[in-house]
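**Q** Spelled out, the chains give:
Protein chains: 2
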Amino acid sequence: MSTDTNADETESASNCGASTTETEETSSKCGASSESSSDSESASSSKCGASSSSSSGSSSDSSSSGSSSKCGASSNSSSKQEKTDEKVGSTVEDFEGDPGQLIAVGLGPGHPEGMTERAKTALLEAEHIVGYTTYIDLIPDEITEEADELYDTPMCGEVSRTEEAIDRTLAGNDVAIVGSGDPNVYALAGLALEIIESKGATASMLNFEVVPGVPAAQSCGARLGAPLVNDTVSVSLSDHLVPMPEIESRLHSVASESFTITIYNPWSRKRRENFQKCCEILLTHRDSDTPVGIVHGAGREDEQVMITELGELEELGESEIIDMTTTIVVGNEETYVWDDRMVTPRGYETKYDY
Amino acid sequence: MSTDTNADETESASNCGASTTETEETSSKCGASSESSSDSESASSSKCGASSSSSSGSSSDSSSSGSSSKCGASSNSSSKQEKTDEKVGSTVEDFEGDPGQLIAVGLGPGHPEGMTERAKTALLEAEHIVGYTTYIDLIPDEITEEADELYDTPMCGEVSRTEEAIDRTLAGNDVAIVGSGDPNVYALAGLALEIIESKGATASMLNFEVVPGVPAAQSCGARLGAPLVNDTVSVSLSDHLVPMPEIESRLHSVASESFTITIYNPWSRKRRENFQKCCEILLTHRDSDTPVGIVHGAGREDEQVMITELGELEELGESEIIDMTTTIVVGNEETYVWDDRMVTPRGYETKYDY
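Those protein sequences? They're chains A and B, same order as listed.
One point on numbering: in the numbering used here, the residue at position 324 of the first sequence is 324, and numbering is uninterrupted.
Positions in the second sequence are counted from 1; adding 1000 to them yields the numbering used here.
Bear in mind the hints are in silico, worked out from the structure with no lab data behind them.
Treat each hint with caution, since some may be false.
So the derived list for chain A, only partly shown, Cβ under 7 Å to chain B, looks like this [what the hints assert, rightly or not]: (1) Gly190; (2) Ser219; (3) Ser234; (4) Lys270; (5) Gly317.
Straight-line Cα separation of at most 25 Å, SDA-like style, residue types lysine to any residue; simulated pairs [as the list claims (entries may be wrong)]: (6) B:Lys1351 - A:Glu246; (7) B:Lys1270 - A:Glu349; (8) B:Lys1351 - A:Ser90; (9) A:Lys277 - B:Ser1256; (10) B:Lys1277 - A:Lys277.
For each residue, glycine too, the CB sits at the ideal point set by N, CA and C.
Excised from the complex, chain A in its bound form:
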């Protein structure tokens, strides 16, 4: 059994099992992984080790409440592997017969009412639904009960989970692979296409489709008022897949222009420095009283909303409201706070009297 000391193996301990935005795909290196969240602020985590439940009923009960437990794969103290043990195995040659359809479905903010009708229909029509346990648990029972199979892996293994979805499709099943938010926002649409290609299959052969969902930026923007009504940018502070100097350079470039900035994956115990660096960069370009909106777990039971100022942001990194499930919206120089809402003017006041 693994322990905290192995948390270094994972990209982001607090992302594990508690990813409630589109952050999931930035997590892990599981397969050679470790205790997930005992050292993180976030409440929920779960078992690593896929559960595949046939038909009726929701996904694995043991983890469906989204709290506690372990990343089941064996503890491994080897440091800094360049590549993980996750490899794509089978190729298109290993399957006979006609493939089914693969659909990447965005669930939106995380409550059933935030899903689109099209997402619901896609899930109802799918024979197999594949996803991270936390996301599968977001799907209403009346939908999951219609599926022949649910396949969920709790905190890690987005590569192997996506491969599993593709293999099931190649084997002739209609499969939906799900994530919160939108499949194009730091999420699985790209990984699915990359793995399909690596298997010698094509997207057309699987009739691959993406069903968009409401991204975290929009869910959070709505909770905050109207912070995002002009040009805007999304930056993830996870340096798991993008080097930190590149992230810093991007932050400099957009903070010096009038973009509102949505920050995904802002903080984890392993990446305090990224968050500190981000705050520092923003403060070199924007006033310390620039309004900043913080939304934790948008649309979930543990939702928390705070509007603060840029100068206060860094120290909030150590508070419960900021973790990997949090989305942060940094206003531009015109953004103001009124009646507990953030408002970024569109510029109408320059053209109209009101």
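Given the structure of chain A, go ahead and fit chain B onto it with the hints provided.
**A** Below, chain B without anything else, positioned relative to chain A:
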């Protein structure tokens, strides 16, 4: 009756009546406006002059098919007003009794299946539904039939329409004001808050809420594959409310970094130069073979999708696929085209074998 020659009065002729993204709020200066789309590529437009239809049935039949007609407000050839005639009139003092609730609802891409359940519920619970005619027409009849009143203004007057929604709320009605996409994306959430404030009311008093929707960037990203899975930016080329030098500066700053870039409001007859300038700026930072996705009328009957290269983009400005209803996604240096899809790698290939 107005003519083409007055198109100069409006910010964007082709946006008028054919806005199928979140572009609506960038249009017009109506009240002193003009023929909308006879000089534009886009098929649909409509009458300016609000129609308010009581209960049952969809909005004004004459414009519900989304084609033809005039901006009814009187022709006015005065040039370059600094401010328009649209002024907010009544204030909170003019109303007695308890106000109702105001909700800004994002309809998503434009087909009923793209709406969230929460958006549907909000519309069903609203007594009055207010919006641009084209958007009201996107709402299924079974929803609009439940409303006591529909108030739609066809192509212009987002300020007066929003004020109307607020006045109706102050008068005690529960009102939904609608737009396509998301209310935070170049859209009405901010304007609503600004006008509420100008009336001496507060957002809390109206229990103001924003119901998020799937933005055009996500709808288009889904149609294109997976172009947006890393850090991304949205830029509108409309210089109605933002000066062009500022837009140019933003484009330079983000094109020199690895953002994928979603371009809203890319082209109108009046703003050919903005589009040309944009293409020029992008080409100073990115290779001419950078993949570019173009989606016209995402999710609508007139949807068109094209994947091309940055070097080809400028001349496509003169073709039908690019107008104010089009969203353009410009890849970063790693984006590639495979099997008719755009893929921006997340970076997994640097960590995983597949």
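**Q** Decide, hint by hint, whether the structure agrees.
**A** So, going through the hints one by one against the coordinates:
The restraint placing Gly190 of chain A at the interface with chain B holds, with a minimum CB-CB distance near 4 Å, inside the 7 Å limit. The restraint placing Ser219 of chain A at the interface with chain B holds, with a minimum CB-CB distance near 5 Å, inside the 7 Å limit. Given the 7 Å rule on beta carbons, the hint for Ser234 of chain A holds: about 5 Å separates it from the nearest Cβ of chain B. With a least beta-carbon distance of about 15 Å to chain B, the hint placing Lys270 of chain A at the interface is violated under the 7 Å criterion.
Residue-level restraint check for Gly317 of chain A is violated (minimum Cβ-Cβ distance to chain B is 20 Å; threshold 7 Å). Restraint check: the Cα-Cα separation between Lys1351 of chain B and Glu246 of chain A comes to about 17 Å, which is no more than 25 Å; the hinted pair holds. At most 25 Å may separate the alpha-carbon atoms for a hinted pair to count; Lys1270 of chain B and Glu349 of chain A meet this at roughly 22 Å. Restraint check for Lys1351 of chain B and Ser90 of chain A: the C-alpha separation of about 19 Å stays at or below 25 Å, so the hint holds.
Pair hint Lys277 of chain A plus Ser1256 of chain B holds up; C-alpha atoms about 21 Å apart against a cutoff of 25 Å. For the hint linking Lys1277 of chain B to Lys277 of chain A, the alpha-carbon distance of about 34 Å lies beyond 25 Å, and the restraint is violated.
When the structure is compared with the earlier hints, violations turn up for hints 4, 5 and 10 and for no others.
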